[in-house]
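Number of protein chains: 2
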Amino acid sequence: MLSRSLNKVVTSIKSSSIIRMSSATAAATSAPTANAANALKASKAPKKGKLQVSLKTPKGTKDWADSDMVIREAIFSTLSGLFKKHGGVTIDTPVFELREILAGKYGEDSKLIYNLEDQGGELCSLRYDLTVPFARYVAMNNIQSIKRYHIAKVYRRDQPAMTKGRMREFYQCDFDVAGTFESMVPDSECLSILVEGLTSLGIKDFKIKLNHRKILDGIFQIAGVKDEDVRKISSAVDKLDKSPWEAVKKEMTEEKGQSEETADKIGEYVKLNGSLKEIHAVLSADANITSNEKAKQGLDDIATLMKYTEAFDIDSFISFDLSLARGLDYYTGLIYEVVTSASAPPENASELKKKAKSAEDASEFVGVGSIAAGGRYDNLVNMFSEASGKKSTQIPCVGISFGVERIFSLIKQRINSSTTIKPTATQVFVMAFGGGKDWTGYLPERMKVTKQLWDAGIEAEYVYKAKANPRKQFDAAEKAGCHIAVILGKEEYLEGKLRVKRLGQEFADDDGELVSAADIVPIVQEKLSQIHEDGLNEVTRLIKGL
Amino acid sequence: MLSRSLNKVVTSIKSSSIIRMSSATAAATSAPTANAANALKASKAPKKGKLQVSLKTPKGTKDWADSDMVIREAIFSTLSGLFKKHGGVTIDTPVFELREILAGKYGEDSKLIYNLEDQGGELCSLRYDLTVPFARYVAMNNIQSIKRYHIAKVYRRDQPAMTKGRMREFYQCDFDVAGTFESMVPDSECLSILVEGLTSLGIKDFKIKLNHRKILDGIFQIAGVKDEDVRKISSAVDKLDKSPWEAVKKEMTEEKGQSEETADKIGEYVKLNGSLKEIHAVLSADANITSNEKAKQGLDDIATLMKYTEAFDIDSFISFDLSLARGLDYYTGLIYEVVTSASAPPENASELKKKAKSAEDASEFVGVGSIAAGGRYDNLVNMFSEASGKKSTQIPCVGISFGVERIFSLIKQRINSSTTIKPTATQVFVMAFGGGKDWTGYLPERMKVTKQLWDAGIEAEYVYKAKANPRKQFDAAEKAGCHIAVILGKEEYLEGKLRVKRLGQEFADDDGELVSAADIVPIVQEKLSQIHEDGLNEVTRLIKGL
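Just so you know, the protein sequences line up as chains A and B, in that order. 1 is the number of the first residue of the first sequence in UniProt numbering; add one for each residue after it. 1 is the number of the first residue of the second sequence in UniProt numbering; add one for each residue after it.
If we strip away everything but chain A, and leave its shape as in the complex, we get:
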């Protein structure tokens, strides 16, 4: 009867499956995610055959497990500790928002938003970042000031480059400060958090590219760009990290209708980069800049910022780079993004792109991109307040976002053959040794002892088998990376005794210590505290780059 109902379910899986494939295709889809591209193609060319489901995750997404998961959790815990250290509180917003909340915030990237199907009720979309939901939250709850952090997944229907950490579902770790404060103070704290965060993740060779939207806007005015052309010229400038100036200039003049002179004038400025001090000095000596209202405002901000980055001792990480534009609509002041040597695409990227067999994954011909980014957005909260009919109140905001998957891909490169990362937390393995005709295997007895350890907060396991030979139990203990075995000897246990033994190669010849079963918890606790005295574990070493 039961099996009938199961058959029904299996049939229903099969009949509801949208994709028809031949058995040959199915074999291909059972390979790991890397083959997703092939699977997708195959699914679009249905062949005659058995109805089947493809065992894969959707394009641009993946399962996280084993030591990868341990490393990623360690990154989260490092960053959330950092955010808390700076007085951050955390919030959690829904993974989807009303569609209208996301509309008009992301410029050309709006096409990358995932929509939920209209199944009746409200129209919703998956969030594209954590910034817009944060601004919606601040406006909705009339919050005047908050420092909040948020670690959560966001969604973009972009071309994935999985091994470079560019995915369709990925985590952002955001810290934002909302509220009216002394100019550049929360901004410089955000920059300090960038430095502290990356340094504590063992990333040292990074550079914070920084610019100011007002300076950029001033430059465009000076160069003679019309107001209505600013956004499209800004998005041309934004390509300077990937394209040479000549290509960008061509885009400005041939595609975007600017004169040769305008383009050249922009070119003079956007080629500038150096320390805050250097570029500030250059711009301060430029009468065009100092006489342009917007550019002057931006330049004054930079002067203020310099006092604070010096107090935080983070100057050396910052490169004031006038070519940085950033695509998003909502930025109004400082903008910044963090790059490392892995951020840039390979030198022969365009060749590799041509050679790449499939465009489903771009890992072969792209770089990791920026690993963190942020900026000031002073009007976003008020847009929501006004658009919802609330009283207009400006709540200025500034924030940063760490790209965890990209940082993860850098940390992964540090792993060498000697790094062993244990995915379980298990400390103690409870075993039973015995034999003979009347030997039961002490399964309920092992459970009882294990339960005592659990109740004391100690991570403990035992094998799920009535009778297991010592070898199998030691193997299981080793696989779990346990430090200690608690052994129920057939005779010893009857006498109220347990054997406590250190595990590991160097203790192979050590029979351990026979102790009173009544004292097992304090004895194990004492041994564990000795073992853990030596400090850092492998994950911490890896994360910190030690």
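These aren't lab readings, by the way, just hints derived from the structure by calculation. Not one of these hints is a red herring.
Which copy is meant is left open, so a pair is good if it fits within one copy or across any two.
With a straight-line Cα cutoff of 30 Å, these simulated DSSO-like cross-link-like pairs (lysine-lysine) come out: (1) Lys153 <-> Lys412; (2) Lys84 <-> Lys501; (3) Lys422 <-> Lys84; (4) Lys84 <-> Lys544; (5) Lys472 <-> Lys307; (6) Lys544 <-> Lys527; (7) Lys307 <-> Lys497; (8) Lys467 <-> Lys277; (9) Lys467 <-> Lys501; (10) Lys391 <-> Lys472; (11) Lys250 <-> Lys354; (12) Lys84 <-> Lys153; (13) Lys111 <-> Lys153; (14) Lys391 <-> Lys479; (15) Lys153 <-> Lys242; (16) Lys467 <-> Lys84; (17) Lys353 <-> Lys239; (18) Lys422 <-> Lys153; (19) Lys422 <-> Lys465; (20) Lys451 <-> Lys204.
Got chain A; can you put chain B on it based on the hints?
For chain B alone, coordinates are given in the frame of chain A:
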């Protein structure tokens, strides 16, 4: 220029907004989520007026913040610690799956699945639970055995009852064991985890209702239910927690075509409940049961289970209840769910339901429902293996799921006026006191000192203001719940001294201690370790129900 581009964005928000509302309606929508129902209604009756967005989260979802967030994070940390204690590793699967993966797994509840819009590419749906993605993961990676835990959001388009923790987006905290093991061993460990988890969350008055699908199937056979009717009769039995036997009997006979005798026979059995021992004894003495192959298999499992629940000392929490059926298709063995006194709907539920003004939220007339649940599903992994064209291999599974929002709603009830939960982790507030014409406010200096504390891992804040009077700084420190103030006195700081002062009512008259600026880090560390010696903080007390 900038403001023009912003105007463009605002216009784009407005023109892209789907919902048109009058200003009056907009005022209503600016109220918190409780008014979501009204807002939705309003949005369905467009009126003439300004284009607007409604500042709300989608129906059945909410933002989490402040002390609620602290409490929920403490629940997660308690449960993940518990899962690790039992040797669990964690995995993370995408929030959406290929639609075909979810098809045919949830019986009548399949209609509650959220679909993603078809924007080209694969058809996907938001996950409905964590169990099906887990089984997909196990099958896809040919995993033979794993203990995994997963704490993540799931999605169901159900009627929400927000204050009872019944939401459309909610967390599940799952622990599952996959692999072929000694009968009932992982099952009893899952039950032990239920007891350990709820107890450590301060929930003591709960009952684990437990049944066995094979016994239930045997009973249906004994009563004369035809094989093809089993699922629908099972789903009638499943309603016994909400409806009286008479109503269920009526459904069986009048709607579902069973004879009076069959229904009465089922009734005899499903009314049985008591301890494992009691009901096991009753069923063992029943020749109908012992001679039915399926029922006998189930009964043997129960006998084995009893040995282990005794070893784990959890018998007293279990009620063997033959009326428990559970709706999901995939269970094959033990099934269980945890209820408390808050689980049941109010006694006058149907009256309240009639009175309730809106059916958008059911909080007024429903109970919290079960707060945790689970069971054995031995065929789900193999369904995926077979349907994907892989070799058929049975990987038996058993698991449990904690309903965090429901547990949260129980813990919230413990909060009384004296409970203060601090949403930030900030320990130290860095202040500057001074005055006079030449007083700068020591902002960069405060930053420098704060940075020293951050670098030593100490949670520290300062006010984001060039000059702030002492009152404002103390207020900010108090708001952040700080224990210590580090004060830069105008003269003292110039002499290389800092003042360290305990905060709080009882230290109001204490001027603190003047120390050398060079020693500030160890001195603050020492003071903090003294302060935290007294142990448990308010959140821990609240979570543990102390």
